[in-house]
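Enquirer: So you can see what is in the structure, the chains are spelled out below.
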Amino acid sequence: MALPMESTISFTNIGKARWWQRGIFASQTAYVTLALLVLLVVMHIASPYFLTEGNIQNVAKNFSFIAIATLGVTFVIITGGIDLSVGSMMCFSAMITSMVMTALSTPGMPGAALFTHTAADGKTIVANLPGLILFVSILAGLGTAFIVGLVNGFCIAVLGLSPFVTTLGMLSIVRGLCYVVSNGRGSFPGGPDASYFYALASGDLYGLPAPFIYLVILALVMAVVLHHTTFGRHVFALGGNENAAKLTGIPVVRVKIAVHVICALAAGLQGIIICGWLGSAPANMATSYELNVIAAAVIGGANLAGGIGGPLGAIVGCVLLEVIRNGLVLAQVNSYWQQTLVGVIIILAVLVDRIRSRMI
Amino acid sequence: MVTATATGQPILELANIGKDFGAIRALHGIDMRVFPGEVVGLMGDNGAGKSTLVKIIAGNFRQSHGEIRFGGSAVQFHRPVDARAVGIEVVYQDLALADNLTAAANVFLGREITRKFGPFSLLDHKAMAARALELFGELRSETRPHHLVKQMSGGQRQAIAIARTRLSNARLVMMDEPTAAISVRQVEQVLSLIHRLKEQGVAVMLISHRMPDVFAVCDRVVVMRRGEKKADKPIHDTTPEEVTALITGAREAA
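These protein sequences, in sequence, are chains A and B.
Numbered as in the working numbering, the first sequence ends at 364 without a single skipped number.
Numbered as in the working numbering, the second sequence ends at 268 without a single skipped number.
Pulled out of the complex, with its shape left as it was, chain A reads as follows:
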């Protein structure tokens, strides 16, 4: 079938792009990373406390509290969609986890007998199998997120509703459910497994905060999925040209549902981790976090028009937001300025990207 080559292919008019004009270096992520490094140096000079171990741990922990959800929403943004329900999802998963944990640890509640028994003194509640309650409650929290993600995906991919409107509705629905199930009071994880829960969510390993470790693992997994699997390729293709994706036989509906499920699961996991750190799941937890999460993704280089984004950008965006917040605290600036500054940075990041793409 192959023809004998009449001439070798020569690239007479196509030079090789310079290293700074291609790949990661030509992305908004690179510019924001650079800005972040500059900011770190400035902060170090400005404040002697900034680079102390305690403060770095604090920063690492704080940005990890939104970064996992940011990884999830980045998937959706790459396909050209948006998910506004992440904040509510965090709260709902946290609440379900916390309520299931408490219920399973309370004698007399349905199912509780399978998991706990009362110790000889008649008061202390002992788990039948330590860790099982925690496992089941986290599964319940993530299961809830899975269902919400499925509903989001179904409405958007199958019914063809606009992602913005669907997830805006879901923001309200899920937040409402948080108030309904807890009667507005929130929930506190309790029972014999609560201590494991706190250890998993707010402990540390070799000085690294646990949420940070989860974040790094998930980000690495995400990088492999996005760049080295068929699914990841389809996610990018969908964001680049949805019509092309359809015509080339990509299962568009399945990919869309999958990214919304991933996003909801990431938000749910994030909520559960925050709950373990806070020691409670108040009904107003993570309110308006969707803005921080989407802002972090966009600052890190994810393009709301679709087709561009990645885990590194998501994390860099989160770190940048947190470092600025931390810097304002260290500089004793009124903390009410934070939100204003975050908005300015979002616009700046997009502006720099626009200027750069005009230059090339």
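Keep in mind that a hint or two might mislead.
Computed list of lysine-lysine pairs in DSSO-like fashion (alpha-carbon distance at most 30 Å, straight line) [what the hints assert, rightly or not]:
id: 1; chain 1: B; residue 1: Lys140; chain 2: A; residue 2: Lys250
id: 2; chain 1: B; residue 1: Lys69; chain 2: A; residue 2: Lys250
id: 3; chain 1: B; residue 1: Lys247; chain 2: B; residue 2: Lys69
id: 4; chain 1: B; residue 1: Lys130; chain 2: B; residue 2: Lys140
id: 5; chain 1: B; residue 1: Lys69; chain 2: B; residue 2: Lys244
id: 6; chain 1: B; residue 1: Lys164; chain 2: A; residue 2: Lys250
id: 7; chain 1: B; residue 1: Lys164; chain 2: B; residue 2: Lys69
id: 8; chain 1: B; residue 1: Lys164; chain 2: B; residue 2: Lys140
id: 9; chain 1: A; residue 1: Lys250; chain 2: B; residue 2: Lys130
So the derived label-pair ranges between C-beta atoms look like this [unchecked claim]:
id: 10; chain 1: A; residue 1: Val225; chain 2: B; residue 2: Gln23; range: 49 to 57 Å
id: 11; chain 1: B; residue 1: Ala141; chain 2: A; residue 2: Leu44; range: 39 to 47 Å
id: 12; chain 1: A; residue 1: Leu334; chain 2: B; residue 2: Gln165; range: 40 to 48 Å
id: 13; chain 1: A; residue 1: Ile151; chain 2: B; residue 2: Asn30; range: 46 to 54 Å
id: 14; chain 1: B; residue 1: Ala144; chain 2: A; residue 2: Arg258; range: 24 to 32 Å
Calculated from the structure, these hints are not laboratory results.
This one's a predicted model, so the numbers in the text were calculated from it and none came from an experiment.
For glycine and all other residues, C-beta sits at the position ideal for the given N, C-alpha and C.
Given chain A's structure and the hints, the job is docking chain B onto it.
Expert: Okay, now just chain B, sitting in the frame of chain A:
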């Protein structure tokens, strides 16, 4: 240029194909045969039914009447993927490329090559890039597999869309206005790409408004008007003037 009309089995046979959209009769009684290694020009004014016909053959629509036979057997397509499975490839007018991906990624879109790593199957970037480079070579196109489509010229994009049709052993390639939006030099490239397909025994259907292109590469020209086939002639038996007259209706039939 030898017309294959007299020899061999037709690869595609349309018998009495019709398509109604509600009260509108978009196609009526289309009979047509396309042979391996033959380039057929499909011409007609806007609304003549060319695109509808192509979409029926490609599996985007289902015909209201008639039968499609491909490679000797009757076929019924429900989705574009079904048509692709039997060896019908389409180069769409907008080329169906994702700008944010590389040339190689676009060639293999929806048909990625993977390698097993334990329980996981990961993309085989190397194999895809190598195969894409080979295909671009066959098409004599200066296209680098790892460059982003965003930065490419119209001719290079066209080459990617055509390279895609060479992945499987396509037996019929339909091209919808492949020369409509590109430069003169690139038109030359696309026409030579069509020659390459023909040399390899692939049947090509060229949907075009551009008379010079049709007369440069086609063996046969089919003219449609108002959903009906008005003419089907070997290219050396007709002239651009006659075809124009058939398209506009100045001549009823030939």
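Enquirer: Hint numbers the structure violates, sorted upward?
Expert: Those not satisfied: there are none.
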